[in-house]
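Undergrad: Given next are the chains, with one letter for each unit.
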Amino acid sequence: MKEMMLEVEHLKKSYDNKNLILDDITFSIKKGEVISILGPSGCGKSTLLKCLNGLESVDEGVIKLKGEKIETEKRKIHKIREKIGMVFQSYDLFPHMTIMENLVLAPRKVQKRKKEEIQEEAKQLLIRVGLLDKKDNYPRQLSGGQKQRVAIVRALLMKPEVLLLDEITAALDPEMVCEVLQVVLELAKTGMTMIIVTHELQFAKAVADTIIFMEKGRIIEINHPEQFFSIPKTDRAKQFLESRGKFQ
Amino acid sequence: MDTSFMQSQVFLYIEGAKLTLYLASIGILFAILVGLLCSIIRYLNIPIIRQIVGVYIELSRNTPLLIQLFFLYFGLPKIGILLSSKQCAIIGLTFLGGSYMAEAFRTGLDNVAHIQKDIALSLGMTQIQVFQYVVLPQAISNSIPVFCSNIIFLMKETSVFSAVALADLMFVTKDLIGIYYKTDEALFMLVVSYLILLLPISIGCTLLERKVRYAEYGNRSAI
Ligand SMILES: Nc1ncnc2c1ncn2[C@@H]1O[C@H](COP(=O)(O)OP(=O)(O)O)[C@@H](O)[C@H]1O
Ligand SMILES: [Mg+2]
Numbered sequence: 002m003k004e005m006m007l008e009v010e011h012l013k014k015s016y017d018n019k020n021l022i023l024d025d026i027t028f029s030i031k032k033g034e035v036i037s038i039l040g041p042s043g044c045g046k047s048t049l050l051k052c053l054n055g056l057e058s059v060d061e062g063v064i065k066l067k068g069e070k071i072e073t074e075k076r077k078i079h080k081i082r083e084k085i086g087m088v089f090q091s092y093d094l095f096p097h098m099t100i101m102e103n104l105v106l107a108p109r110k111v112q113k114r115k116k117e118e119i120q121e122e123a124k125q126l127l128i129r130v131g132l133l134d135k136k137d138n139y140p141r142q143l144s145g146g147q148k149q150r151v152a153i154v155r156a157l158l159m160k161p162e163v164l165l166l167d168e169i170t171a172a173l174d175p176e177m178v179c180e181v182l183q184v185v186l187e188l189a190k191t192g193m194t195m196i197i198v199t200h201e202l203q204f205a206k207a208v209a210d211t212i213i214f215m216e217k218g219r220i221i222e223i224n225h226p227e228q229f230f231s232i233p234k235t236d237r238a239k240q241f242l243e244s245r246g247k248f249q
Numbered sequence: 018m019d020t021s022f023m024q025s026q027v028f029l030y031i032e033g034a035k036l037t038l039y040l041a042s043i044g045i046l047f048a049i050l051v052g053l054l055c056s057i058i059r060y061l062n063i064p065i066i067r068q069i070v071g072v073y074i075e076l077s078r079n080t081p082l083l084i085q086l087f088f089l090y091f092g093l094p095k096i097g098i099l100l101s102s103k104q105c106a107i108i109g110l111t112f113l114g115g116s117y118m119a120e121a122f123r124t125g126l127d128n129v130a131h132i133q134k135d136i137a138l139s140l141g142m143t144q145i146q147v148f149q150y151v152v153l154p155q156a157i158s159n160s161i162p163v164f165c166s167n168i169i170f171l172m173k174e175t176s177v178f179s180a181v182a183l184a185d186l187m188f189v190t191k192d193l194i195g196i197y198y199k200t201d202e203a204l205f206m207l208v209v210s211y212l213i214l215l216l217p218i219s220i221g222c223t224l225l226e227r228k229v230r231y232a233e234y235g236n237r238s239a240i
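The listed protein sequences correspond, in order, to chains A and B.
Add 1 to the 1-based position in the first sequence for the working numbering, that's all there is to it.
Add 17 to the 1-based position in the second sequence for the working numbering, that's all there is to it.
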């Protein structure tokens, strides 16, 4: 029985106190598990991820990390973010810093680790994503796919317990999607716990242990990938897959 | 024009230019600090102080430096605060420049992409760390063009310092005209003096702006 990593219970969120953007979200993820969240755009996927690492406040509900309730109190929230990393759709690095400086900044300032130690680790990770030769370049000298791989490394260097990926290939040119997804697949193999929001259905099928399908702020279906993509439990999931031309 | 007269009086202009440059440097430096402070207060949205900053900026931007100097030099002594001419000049320039610099930095801050903040926060940094290491450097870089034109603007504004009895360039010129009636020569030397002071700054600013615009964030290689 694997250790429980993140538990989300009856989460509710609205931006304007009227329309619920997240309506009673409940799910959990075990250590080393990969969940893919699918759903039409605007259904609240990004909002959910932002709530999970405290970039957005939560109206109701509980989030537990390793069994402990996450304090959503403002002064402590940055402590949670250390443990729950996030990579965004826009592959933004800090433009005024070199790749290495981008990587060193947070571990150095937040975790007060030694610069040399972080740099050594950063180099190892850069080798793994094939970008060691770019370490002294500035972000604008890198392609979108390269930047996104650096952004993943940057999040990993904080040694998060969980990694949240929000449509990290959606803004990339098609020929760069593969190189980024490859990195994520390898991360999954190393046992990284991840929640991945994606539009790449084939990728979701390949990487995920569990699929969560959302619509209009609600979870419609939680299922194994094999079943979800062949015989989804709900009609709405079926319609969604049909509209994507992925349902045979 | 009487060149031998001009030669004989050059030293006066050099002294005047030195004084102008000295007062302007200190005043502008303080103006930058005040501007930075004001823009940080506005950015962090600190209540009450934020409103005070707002009032200061309106007051400062909507009154001429000459009036501000008169207030400091002739007004304050009436309530028992005596300032030297130099103090008045520096305080006046700081008071005026602070608001212009604050606006420059604010534009810079507004133009830092919101996602940059989210990313930095998601890495576990505190609000203050995010500001210090991620937002501020980019904001400063963004505000360079307005910042530069402010420096030139403030340099030019120093020409009213003579009103509080400072022997700056303007003062020297008025003096020479008053004593020798050499209006053409005196004014010519005044223009040349200001050109000599301002041209290097202007050229430096252009280069700096170009660097920020074309080779973002000081990197020489590639594009
Ligand atoms: N900062 C915000 N303020 C108000 N409404 C927002 C904000 N962010 C997102 N929304 C709204 O919340 C809904 C869900 O958005 P989002 O979580 O980005 O969906 P998804 O990532 O699934 O496309 C959308 O209707 C969107 O317009
Ligand atoms: Mg989204």
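Since the hints were made in silico from the structure, they are not lab data.
Quick caveat: nothing in here was measured; it's all calculated off a predicted structure.
C-beta atoms are modelled at their ideal positions from N, C-alpha and C, and glycine is treated no differently.
Warning: the hint list may mix true and false statements.
Claimed, not checked - Straight-line alpha carbon distances no greater than 30 Å define the calculated BS3-like cross-link-like pairs of lysine-lysine that follow:
| no. | chain 1 | residue 1 | chain 2 | residue 2 |
| --- | --- | --- | --- | --- |
| 1 | A | Lys-80 | B | Lys-134 |
| 2 | B | Lys-35 | A | Lys-32 |
| 3 | B | Lys-134 | A | Lys-51 |
What the hints assert, rightly or not - A few chain A positions that, by computed beta-carbon distances, are all more than 12 Å from chain B:
| no. | residue |
| --- | --- |
| 4 | Lys-19 |
| 5 | Glu-83 |
| 6 | Leu-133 |
To be verified - Coverage of chain B stretches by chain A, computed from C-beta distances (three or more under 8 Å per stretch; other residues unrestricted):
| no. | region |
| --- | --- |
| 7 | 27-39 |
| 8 | 48-62 |
| 9 | 118-130 |
Undergrad: Now look at each hint and say whether the structure bears it out.
TA: Right, here's what the structure says about each hint:
no.	hint	verdict
1	Lys-80(A) to Lys-134(B)	holds (16 Å)
2	Lys-35(B) to Lys-32(A)	violated (70 Å)
3	Lys-134(B) to Lys-51(A)	holds (13 Å)
4	Lys-19	holds (23 Å)
5	Glu-83	violated (4 Å)
6	Leu-133	holds (17 Å)
7	27-39	violated (count 0)
8	48-62	violated (count 0)
9	118-130	violated (count 1)
When the structure is compared with the earlier hints, violations turn up for hints 2, 5, 7, 8, 9 and for no others.
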